[in-house]
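**Q** Note that the protein sequences, when read in sequence, are chains A and B.
Following this note's numbering, the numbering of the first sequence begins with 1 at its first residue and continues without gaps.
Following this note's numbering, the numbering of the second sequence begins with 1 at its first residue and continues without gaps.
Don't read these hints as lab results, they were simulated from the structure.
Treat the numbers as computed from the prediction; the structure is a model and nothing was measured.
Just so you know, not all the hints are guaranteed correct.
[Said to hold, decoys possible] Below, simulated DSSO-like cross-link-like pairs (lysine-lysine); rule was C-alpha separation at most 27 angstroms, straight line:
# : chain 1 : residue 1 : chain 2 : residue 2
1 : B       : Lys165    : B       : Lys153
2 : B       : Lys165    : B       : Lys50
3 : B       : Lys62     : A       : Lys129
4 : A       : Lys129    : B       : Lys75
5 : A       : Lys14     : A       : Lys135
6 : B       : Lys49     : B       : Lys173
7 : B       : Lys74     : A       : Lys129
[To be verified] Estimated spans, in silico, between C-beta atoms of each pair:
#  : chain 1 : residue 1 : chain 2 : residue 2 : range
8  : A       : Phe80     : B       : Glu145    : 17 to 27 angstroms
9  : A       : His98     : B       : Gln55     : 21 to 31 angstroms
10 : A       : His98     : B       : Lys86     : 26 to 36 angstroms
Glycine residues also receive a C-beta, built at the ideal position from the N, C-alpha and C atoms.
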Amino acid sequence: MTAAGPVVRRRVLKGRREDVSNVVDFSRIWGVSLEIIYRELIRYSRHNLPAAHRLPEDHAMLRSLPVELLTQLEIPVLAFQEADVYEIHRARSTGDLHFRNQGSRNDWVWVQTGTEEMYGALRGHLPAKLVALLKIMDYRSDDTVRWVAGVQMLIPVNSGRLSDQYGLVTVQMREDAPGFTIVDIGTILGVAHLIQE
Amino acid sequence: MCDNLGIGQNIFHRLDRVSASDLYKPDMLHTIYLGLFKHMMDWIEGFLKKHGRLQAFDDVWKALPPYPGFLVPKKAYREVTQWQGKEMRNLGRCILGVLAVALRQPGGAQVIPFKRALGCVRALVDFNMMAQYRSHTSDTIAYMEDYLDQFHKLKDIFLEFRVTKRTQDKVDKQRKEIRRQRALVIERVAPSLRRRMRDDNRQEENDLCLDLVRGESHFNFIKMHLLSHFCDHIRQFGNIPMYSTEIGELAHKTHIKDGWRQSNKNDAARQIVHSYGRQHAIRM
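Excised from the complex, chain B in its bound form (with noise of 0.2 angstroms):
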């Protein structure tokens, strides 16, 4: 079959009693706080931006109160160049109170399009907690479906904030190319009917660009795809956090790289690992 999907193989599949398809375990860190959040914050970031809103986002993101286990932003939301997995994670606790506020009091063609985008937002929050879980029912298993379902349906909304490097490529040569073929006919008009005319063909040629952008983004990235295996994968093998590589790399600091300041870096690995062992056996 993977032959078939263009697939390699590797050493994994010719194993004994291996499935090679359950091998791939969510990852809330990578999957969700640095993959799906961040793509989620570059959406919002465009769709405030649209809107006029980015300048309220940052003012209640900054103004955020202490809670126990937050840590509350020193920074506004665009002075923060990198965001570390702690700090997504901690996103996701307040993205959507935040959102609520900034996107408050919609004029009256925004109410549809904020009320989508929060619906998105809430989505994809619900079903992070929910993957949180360390133990489940069936009941909350069909909740985080329902979440996925719910933020597929709606996630629409963000789409024209999807644009690829590529894409905005053909939208800069298509909008040239429209200024020009405008600016001959434009050359033929009385002068007093010109300013009505531009305004038109600005209006036009937006939604012309916005069509295009529409027709060549799409949401199929791996880590969107992700999302869909962690109901099965809660049904087989248990909870997602047991699995999450988030304790790994903590563990990284504590088990090497403390041990690897301790050590007179002369065969080092040997005292890397008594060095741990040690400090665990005295601590218990």
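Excised from the complex, chain A in its bound form (with noise of 0.2 angstroms):
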């Protein structure tokens, strides 16, 4: 006898651009220099993914493995104070294209990036903007498909602490700017509503 166990909702990439078919073509049309790209998939792959089905580290080759631009990733969030209704947030990024006749939207996403002891009261989320959605298949590991995102991640002003004046937390862009970072796609856990100053 087998018990149903809870609906497991999974994240799922939409909206497929044509004119990106490899990382040469992304850095091309992103311009993000092709040097960034290999550095942050290895780091990527180093940290993220078991050693025997880790991305080649060979330039040649990781220029080789065939890319999935997408513009729009569905996260399911449970919703607050329920067991099995999901909201799903939709994060778009459409780069330098329009998004309906209005200005291109790269939505901010929280990103799981630590502990819950880390940021202070953002517990280890830390809101990034979302730059690209990345499948990248491993042909040489069973043709295994990567959901990875392009991020630029910010960081919290005071460690994460409640500023005395607002009460709120307040993050800035990094100053010293690796502007992109790679993410697993599994790590982006809703939209996030930021004001800007």
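Grab the two chains, each in its own frame, and use the hints to assemble them into the complex.
**A** Next up, the structure:
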């Protein structure tokens, strides 16, 4: 006899762009240098993937991996005080393309980057700007598809402590600006609502 | 007791097993969204105007980013003439952040008033957030009580913006009288001293008017009082949203207005009742 467990909702990537088929295309269209992309992919691979399934570290091989660029990520977020009701957060990253005849949209998202003790009131989460959504097919490893996102991480001011004046947490762009970081799609927890000064 | 308080009896007071005082049900839509939030926005507008931050507030308001379930405002705050309950609920989600940005980098004398204003708004917003919970523990109710206490402690910062027409008339009259008396004094003073005296007088006049406004204004209105019953109501009858009239008002469109449109307007009541029942059965 089997008991039906709770339905696990998965993230969905949508809105494939036809003008990107590998890392080089992505670098050209997004204006991110190839060196940075290679460095970030290798860093991501070393930190997140088991040794047997890591991405190649050779630049020529990385360049040959098929890549899909997408514009929308659907994230199921458990509704407040509910056990089986999900809200779907649609995070969009249109790059330089217009979104519904208006400006481009590169939404803010929450990324799980550490343990709950980190970043004060943010409890291990950091907001980031969604720059790109990518599917990278690793043909050397049974055609495994890696879902990753390119983000610009923000850093908390005052170690994430609440401001005395406002009672809110302030975040800011990094000044040393490694503008582009690659993270696993699974670490993106939902859309963030930031108010810009 | 009702007679002592000058409250008239109504039909419910005489029914068996009915406690008249429990008949009131807290209503999020009219008490908080269209009540307290609306009042609060009037106070905030006055506060921002006084401190020259109204334009900054409008700019931040207009540039709010999208978020799931959040209606992005298309107009500046001051351009909106009529607010619906849904829009006020939306406002509750972002007002604290927008206000914090509008009040950033305060001058030396502004630090304390800005902090108090933000604290007051934060307490009301937090109270509203917790009132929306669909299940409560003794901790969450205690939080609600704390937020309400905090709101009452800090709301004095907005007292001068609760000016009634009668108070405003009094202020105008007092201002006119002060100016008339000062004009008589200034005429006798040497011209070189007049300018300095006028500046001093203006400051004194503003202080006197402010004292009058503070003396005449108050927060004693019914919607402010109703908040004090929310926590007891939760303890006795459960969560607040299930009693909110918001659901009834939304249902009015689907249950009544759509049914009326679909009827042939002849004996419409019967058709309206059947119309919704039929549609609901098909949906199931």
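**Q** All hints are to be evaluated individually against the structure, with a verdict given for each.
**A** Consistency of the hints with the structure:
Restraint check: the Cα-Cα separation between Lys165(B) and Lys153(B) comes to about 26 angstroms, which is no more than 27 angstroms; the hinted pair holds. As the CA atoms of Lys165(B) and Lys50(B) are separated by approximately 19 angstroms, the hinted pair is consistent with the 27 angstroms bound. Pair hint Lys62(B) plus Lys129(A) holds up; C-alpha atoms about 20 angstroms apart against a cutoff of 27 angstroms. Restraint check for Lys129(A) and Lys75(B): satisfied, since their Cα atoms lie roughly 25 angstroms apart, inside the 27 angstroms limit.
For a cut-off of 27 angstroms, the pair hint linking Lys14(A) to Lys135(A) stands: about 11 angstroms separates their Cα positions. In summary, the hint linking Lys49(B) to Lys173(B) is supported, as the alpha carbons are separated by about 23 angstroms, within the 27 angstroms threshold. In summary, the hint linking Lys74(B) to Lys129(A) is supported, as the alpha carbons are separated by about 23 angstroms, within the 27 angstroms threshold. Distance hint check for Phe80(A) and Glu145(B): the Cβ-Cβ separation is about 21 angstroms, which falls inside the suggested range of 17 to 27 angstroms.
A hinted range of 21 to 31 angstroms holds for the C-beta pair His98(A) and Gln55(B), which are about 29 angstroms apart. Look at His98(A) against Lys86(B): about 28 angstroms separates their beta carbons, and that is inside 26 to 36 angstroms.
Checked against the numbered hints above, the structure violates none of them.
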